[in-house]
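Letter by letter, the chains look like this.
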Amino acid sequence: MTAEIVVENVSFVYPDGTHALADVDLQIPRGHRIAIVGQNGSGKSTLVRHFNGLLRPTTGRILLDGLDTVGVHVAHLASRVGLAFQNPDRQIFAGRVKAEVAFGPRNIGMAQVEVEQAVYAALEAVGLTGQADTNPYDLGYSRRKLLALASVLAMRTPIVLLDEPTTGQDARGVARVQKIVSDLADTGRTVIGISHDMRFVAESFERVVVMRAGRIILDGTPSEVFARESWDALASTYLEPPLPARIGVRAGVGSTPTDALLVEALSQRKVAAS
Amino acid sequence: MVTATAASAGIGRRMVPFALATIPLVASIILINTFLFPGATDTIVSIGPLAPTWTGLTAAAQATLRVLAFALSVAVFSLTTPTDDLLTDLERRGVGRRAVFVIGAAIGMVPRLVERAGEIVDSQRARGLDTEGARWRRVRGVVPLAAPMISSALTEVEERTLALEARAFSAPPRRTTMRPLPDDSQQRALRWGLLVFVVVAVAASVSGALGIP
Amino acid sequence: MSASTPAPRLSLRDVSYGYVGTSANVLQGIDLELAEGRIVGVVGPNEAGKSTLCLVAAGLAPLAIGGRLDGTVEQDGVDTRTLSAADLGQRVGILFQNPVTQLSGTSVTVYEEIAFGPRNLGLPLGEVATRVEWAADLVGVRDLLPRDPARLSGGQAQLVALGSVLALRPGTLVLDEPTSQLDPLGTRLVGDALADLAAETGTAILMVEHKTDLLARMADEVVVLVDGKIAKSGPAAEVLADPALPALGVEPPSDIRLRAALAEAGISFDASWGPALGVQAAVGARE
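Protein chains in written order, with numbering that gives the first Met the number 0: chain A, 0 to 273; chain B, 0 to 212; chain C, 0 to 286.
Chain A with its partners taken away, still in its complex shape (with noise of 0.2 angstroms):
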């Protein structure tokens, strides 16, 4: 069985002449959460805008269940993936939330009721419910990021990229976010993040691929990514290992990228010296 997104020997670059990306290959199975980290300007945001058409390969493929993108609409894409900016002003137009959370699913041609269950849900899932009526301006940035965040969700699209969805966000909004993840991979969505969150990245994906200009230098599970002998791969794109994982080195356990992880592996050690 192919993966539903495969990106075959992809080069992509600007009209300005930047190359952005370079020979990316990457597999990703249904159902997968995976995060892109590196520094800004390695490439994470012009991938991500490859798997919903928005740009274009320059050389390579990208196929989607096996089709190629080429050629079919970005308007047509829409429906299979969703893609939630980082900035939420370049999107908010409406003058009420529940219409500017409506407007995706309208487009994809959702029908009606369909509609209305899908903006609810999503606003419930962001804890937007009560300002269904609210003009999005009247809402805090931080809130305003959470809106795009459900204009996006509520499109039901089987693959949801999210664009640095943290930012901005205090300790409740970043748990919510966390949450959203989990319940979408448990719907068999696929989650795709972008994020300089090391720990947001350990402890909601399973898998972590870290660019640096424009290649993929590291792809595993949070464990191999953030084991020792990482740690030179990761510093040379200014990437930090989370705190538990610099601890679990140290404590000899091996690698534990998690608070979870690391204490369960302390724990396991003690009872077998016990």
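No wet-lab data here; the hints were simulated from the structure. Values in this document were obtained by computation on a predicted structure and should not be read as measured data. Idealized CB from N, CA, C, for every residue including glycine. Any given hint could be a false lead.
Here are a few chain B residues that face chain C, going by a calculated C-beta distance under 7 angstroms [what the hints assert, rightly or not]:
(1) 145
(2) 159
(3) 164
(4) 175
For chain A, the structure is supplied; the task is to place chains B and C on it using the hints.
Just chains B and C, lined up with the frame of chain A:
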């Protein structure tokens, strides 16, 4: 006159895109004037219901020349005058700092506006807005594209205002000039020459000597 | 030694503030003091009034945006309401989240961008140059001086914005989430520049920041703002380790969270793990 100035500055070739940009406007001017000039009776040739007129064609030619002259003036200006030279000079001449800032910011903003527009189009296309399909479907995209453009411009203006205010933008003394600009006699002569030409041209136009309505 | 302590750089006494056109106060009864060379972090849930606190502390509210201010805000013992914008800018600088919107947009080089403030003051050209070079060195952007400010990375642009604020030589600096739009490298560059600044020049820094790991490294004191009021304040190590922090909507620093998780499992934190806490310890030498 404009083309002569351009030629003397050696930028003739780079003005072509500016001229090309006027084509849609020029085409519609020619068509509308030639075929629909009100009250004109001097028909060139009758093709069914279409009746192009000489009066219309003349009016169209005049209007076209005006559009071209305007577009090419803008082109000459933007291609020959580095923004910072313009601003430095305005400042040295005692033009208020607010005016100088507004002119500078407006010129400097163009690339950022283009970039922002691109991000907005991408955001809405990702939500299924059809910008590639049938024309009537694309019309529906006007509000979702225009509204974020305006609102994000407003929020940015607010933030920038505060940031500039905090950098003593409204301090009373005259700003420090960074560098004097060279202004040789040739440049001065040309500037005065152009000014005289403008005065003469306007006077001639007003008195009806050129026959342009 | 003198009996009287010098006036704090920044002091807010019983400050309340409401925006124009609204009846509710966004800030209520805020008391805050900031001494020379101190870094005070401000944390709190979204929409608690943190950005408003920045505008009030920098004197921009009400000076630039109007609104109702009760209580007193003083810079070096002078009530900010008696100061003009130009005086204010030389006493307190402010830096916002987005590096792009706070650059003037009219400068062709980083040099001119940093010179923007000193030129507004009408300083002699020689003094402008001295200040530009001083500020550029302070934030480590001397190499960028001839560059176009529109073509910098986010971290570089934020350093330039910081430098152009510092060129007015303010004694106090107010920062509203200065690293939120930056990648890890940018965050590190800006964080290091700020820590050096406080240590070398005695600049007092008030800093709103979600990244409590950064505050744990830099701040002397931390204030928790909830619903426009100060819910908690004190030495950084103490406030950031407060078990009530998550309930207030604030993410504790990584090591505090980890220690809590370990304690819950009955595991004590081994002193030999300490070096792993140092941020740069894990990934080796910088550059």
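The hints, checked one at a time:
1. 145: At about 20 angstroms, which exceeds the 7 angstroms cut-off, the nearest Cβ of chain C leaves the hint on residue 145 of chain B violated.
2. 159: 5 angstroms, holds
3. 164: 5 angstroms, holds
4. 175: Result: holds, 4 angstroms to nearest chain C Cβ.
Against the hints set out earlier in the document, a violation occurs for number 1 only.
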